[in-house]
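With the hints as extra help, turn the sequences into a complete structure.
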Amino acid sequence: MYDRSIEEKIIRSYNKSFNGFTAKLTDKEYENLKNIEEVVSVFPNKKLQLLTTRSWDFLGFPQPTPKQLNIQSDIIIGVLDSGIWPESPSFNDDGLGPIPSKWKGGCFGGKNFTCNKKIIGARTYAYPSKARDYKGHGTHTASTAAGQKVEGANFYGIANGTARGAVPSSRIAVYKVCHSTGCEGKDVMAGFDDAIADGVDMISLSLGGVASQFHEETISIGAFHAMAKGILTVQAVGNSGDARASVASVAPWIFSVAASYIDRHVINKVVLGNGKTLIGDAANSFKLKKDKYPLVYGKATTSVCSEEEALTCPKKCLDKKLVKGKILVCEDEDPYAEAFDSGAIGVLAETRYKNVSYVFPLPAAALGSTEFAALKSYLNSTKAPTANILKSEAVDDSTAPAVAPFSSRGPNSIAFDILKPDISAPGVDILAAYSPDATVSIYLEDTRSVTYNLLSGTSMACPHVTGAAAYVKSLHPDWSPAAIKSALMTTATPMSPSKNPDAEFAYGSGHLNPNNATNPGLVYEAAENDYITFLCKLGYDKKKLGLITGKRSVSCPIKGDSSPKDVNYPSMSAIVNADKPFTVKFSRNVTNVGNSNSTYTASVTPGLKVKIDVNPNLLNFKSLHETKSFDVVVVGEGVPYKGLVSSSIVWSDGIHSVRSPIVVYSD
Numbered sequence: 001m002y003d004r005s006i007e008e009k010i011i012r013s014y015n016k017s018f019n020g021f022t023a024k025l026t027d028k029e030y031e032n033l034k035n036i037e038e039v040v041s042v043f044p045n046k047k048l049q050l051l052t053t054r055s056w057d058f059l060g061f062p063q064p065t066p067k068q069l070n071i072q073s074d075i076i077i078g079v080l081d082s083g084i085w086p087e088s089p090s091f092n093d094d095g096l097g098p099i100p101s102k103w104k105g106g107c108f109g110g111k112n113f114t115c116n117k118k119i120i121g122a123r124t125y126a127y128p129s130k131a132r133d134y135k136g137h138g139t140h141t142a143s144t145a146a147g148q149k150v151e152g153a154n155f156y157g158i159a160n161g162t163a164r165g166a167v168p169s170s171r172i173a174v175y176k177v178c179h180s181t182g183c184e185g186k187d188v189m190a191g192f193d194d195a196i197a198d199g200v201d202m203i204s205l206s207l208g209g210v211a212s213q214f215h216e217e218t219i220s221i222g223a224f225h226a227m228a229k230g231i232l233t234v235q236a237v238g239n240s241g242d243a244r245a246s247v248a249s250v251a252p253w254i255f256s257v258a259a260s261y262i263d264r265h266v267i268n269k270v271v272l273g274n275g276k277t278l279i280g281d282a283a284n285s286f287k288l289k290k291d292k293y294p295l296v297y298g299k300a301t302t303s304v305c306s307e308e309e310a311l312t313c314p315k316k317c318l319d320k321k322l323v324k325g326k327i328l329v330c331e332d333e334d335p336y337a338e339a340f341d342s343g344a345i346g347v348l349a350e351t352r353y354k355n356v357s358y359v360f361p362l363p364a365a366a367l368g369s370t371e372f373a374a375l376k377s378y379l380n381s382t383k384a385p386t387a388n389i390l391k392s393e394a395v396d397d398s399t400a401p402a403v404a405p406f407s408s409r410g411p412n413s414i415a416f417d418i419l420k421p422d423i424s425a426p427g428v429d430i431l432a433a434y435s436p437d438a439t440v441s442i443y444l445e446d447t448r449s450v451t452y453n454l455l456s457g458t459s460m461a462c463p464h465v466t467g468a469a470a471y472v473k474s475l476h477p478d479w480s481p482a483a484i485k486s487a488l489m490t491t492a493t494p495m496s497p498s499k500n501p502d503a504e505f506a507y508g509s510g511h512l513n514p515n516n517a518t519n520p521g522l523v524y525e526a527a528e529n530d531y532i533t534f535l536c537k538l539g540y541d542k543k544k545l546g547l548i549t550g551k552r553s554v555s556c557p558i559k560g561d562s563s564p565k566d567v568n569y570p571s572m573s574a575i576v577n578a579d580k581p582f583t584v585k586f587s588r589n590v591t592n593v594g595n596s597n598s599t600y601t602a603s604v605t606p607g608l609k610v611k612i613d614v615n616p617n618l619l620n621f622k623s624l625h626e627t628k629s630f631d632v633v634v635v636g637e638g639v640p641y642k643g644l645v646s647s648s649i650v651w652s653d654g655i656h657s658v659r660s661p662i663v664v665y666s667d
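Here the UniProt record's numbering is used: the first residue of the sequence shown is 1, the next is one more, and so on.
It is worth saying that the hints were derived from the structure and are not from the lab. Glycine included, C-beta positions come from ideal geometry on N, C-alpha and C. Be careful, since some hints might not be right.
[Stated by the list, open to error] What follows is a list of derived Cβ distance ranges for each label pair:
1) 494 / 557: 32 to 42 Å
2) 289 / 383: 18 to 28 Å
3) 320 / 396: 38 to 48 Å
4) 315 / 494: 45 to 55 Å
5) 243 / 307: 28 to 38 Å
6) 642 / 127: 20 to 30 Å
[As the list claims (entries may be wrong)] Derived pair list, reagent style EDC-like, types lysine to aspartate or glutamate, alpha-carbon separation capped at 16 Å:
7) 642 / 478
8) 117 / 94
9) 391 / 291
10) 104 / 74
11) 229 / 437
12) 544 / 216
13) 580 / 637
14) 315 / 341
15) 499 / 263
16) 551 / 566
17) 316 / 291
18) 622 / 653
19) 315 / 396
20) 354 / 397
21) 130 / 87
22) 559 / 579
23) 276 / 291
24) 130 / 397
25) 102 / 74
26) 376 / 341
27) 499 / 242
28) 628 / 566
29) 269 / 93
30) 117 / 93
31) 315 / 291
32) 117 / 74
33) 276 / 371
34) 299 / 319
Given below as structure tokens:
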């Protein structure tokens, strides 16, 4: 018998795109509810975290023509984030026509929140009950994907230029699922539920947690339902650094995005008392009044701690009388709040995240190991060391693109034979719109207010891919989520493993190239049934399939000899036993979206100690939307433990080049 007392504990119901509810339950109630035959799934609520003047130009993506602006105005991007600042110039509705008739949502942004023809919808699920953005994150991501053209955007004069999104005339629907402490899974699920029902074309998700089994993870479930309705979900892979298998976005029906550098880097210079100049990483808006300030380091900063303790500048050690008015030197990644509280005039800190410039609440420079060693050498050379921290400036970076050190890495920890990340996009030193009510840096002590800010993270990379996908969608409104994803992956610019030691586990198919994606030639199609078959090959039974699809009647097809790696994915990946000979076969099919009468020939980039055969290696198409199948067989002598061998296959008709990476690895 159903316990009606549960109804009294319900927090929220989902009844638009899928049926369900969130409730506060005891352990016993949880077990009782889980065992009710009519209940498809029960899983705990989890807390997730929120993970440009130059970036679009760097991608070679031109400003849209009036004709393109008109086409793009039918695209609706759903942004699940921390809300939005509607008064930002990036969200003005100048020149926009009527709201698309397919839109079924509304403006529920709370008191003093007004929608327009740009921000056409707003909903909030997090306290306070306003869709207004008080963190800045959601405003930044939304404007990166779809912001209007704004000239003269800058951060205190740094990185000055024209800010714009990929699809400036597209519409934005805001779903505030995140608040000051994070993003509740129940709110994210509600955001998906509403966004799908409201009629968005794609969903941008710059948030996440830790990779989980698909049937236990709200984003995987929500994105599956979105995919089934023809909506592509784009998600950041996470900022867990170069730790192996740290990528959080792992489902094959989600577009998972890594972060990379652009060809503009924000630096600041530190001038030492001996005249030597060090190059640091920081978006430093401050200009010190004097040319020289005393440097204080180690034991000289404390009267209560040992030399070893004092080197990292912990809060309990710093003596304000010894530090105030001086530049503090710290062997720590994040001493900035302590330096600010202690009254330091500035701070020089050692960092392992070289070439990533964050915003700090006081004059600061993050120094790489070489620069920090030079600083310590100077400190040891004089009894009265001094320095000055200059205001930041933007310089050219010819080494871009390369994957940022904070960007999470593969391999996929849930579906071992699905390569993640899918693609890399600009995510370092990105200037975009910001909330003037948010702290400029992550430090509450920072009381400055800006309307455009420089941020770094996979959160910033995600909306670049969302915007590019929206651009492709505007030109091909009938394309499926899988086709759009395939177009962007197979036309991505190959990246160098010499710059990225983790190779495809860092950048997936390569670097985003939105121009080529509008005419990819061939696409790898996949639909709901293909992903269900994939889940069956992973060992999912009827009950687990129900947890993801929301269907009680779904079941696996008759067993064949295929494996999860044979889902029709634009990349090819397989795990093998370490140091043993292997033979791996991938089965794929491609659909012609290029020229109606065309012939594609396969070429293979040689891989180290592997032989790759493609059968057939010639595909003749007689019409558009015709589909052809092929197999790729990879034979190798063995892969070292936790190593990988990679190659690629390119289908070409002389006009189009359709590239898929091939990765075989051990773990």
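Hints, verified against the model:
no. : hint                  : result
1   : 494 / 557: 32 to 42 Å : 36 Å, holds
2   : 289 / 383: 18 to 28 Å : 24 Å, holds
3   : 320 / 396: 38 to 48 Å : 41 Å, holds
4   : 315 / 494: 45 to 55 Å : 46 Å, holds
5   : 243 / 307: 28 to 38 Å : 31 Å, holds
6   : 642 / 127: 20 to 30 Å : 44 Å, violated
7   : 642 / 478             : 41 Å, violated
8   : 117 / 94              : 8 Å, holds
9   : 391 / 291             : 12 Å, holds
10  : 104 / 74              : 13 Å, holds
11  : 229 / 437             : 36 Å, violated
12  : 544 / 216             : 9 Å, holds
13  : 580 / 637             : 7 Å, holds
14  : 315 / 341             : 9 Å, holds
15  : 499 / 263             : 15 Å, holds
16  : 551 / 566             : 24 Å, violated
17  : 316 / 291             : 30 Å, violated
18  : 622 / 653             : 13 Å, holds
19  : 315 / 396             : 37 Å, violated
20  : 354 / 397             : 13 Å, holds
21  : 130 / 87              : 14 Å, holds
22  : 559 / 579             : 30 Å, violated
23  : 276 / 291             : 14 Å, holds
24  : 130 / 397             : 40 Å, violated
25  : 102 / 74              : 9 Å, holds
26  : 376 / 341             : 24 Å, violated
27  : 499 / 242             : 13 Å, holds
28  : 628 / 566             : 15 Å, holds
29  : 269 / 93              : 40 Å, violated
30  : 117 / 93              : 5 Å, holds
31  : 315 / 291             : 28 Å, violated
32  : 117 / 74              : 11 Å, holds
33  : 276 / 371             : 11 Å, holds
34  : 299 / 319             : 10 Å, holds
When held up to the earlier numbered hints, the structure conflicts with 6, 7, 11, 16, 17, 19, 22, 24, 26, 29 and 31 and fits the remainder.
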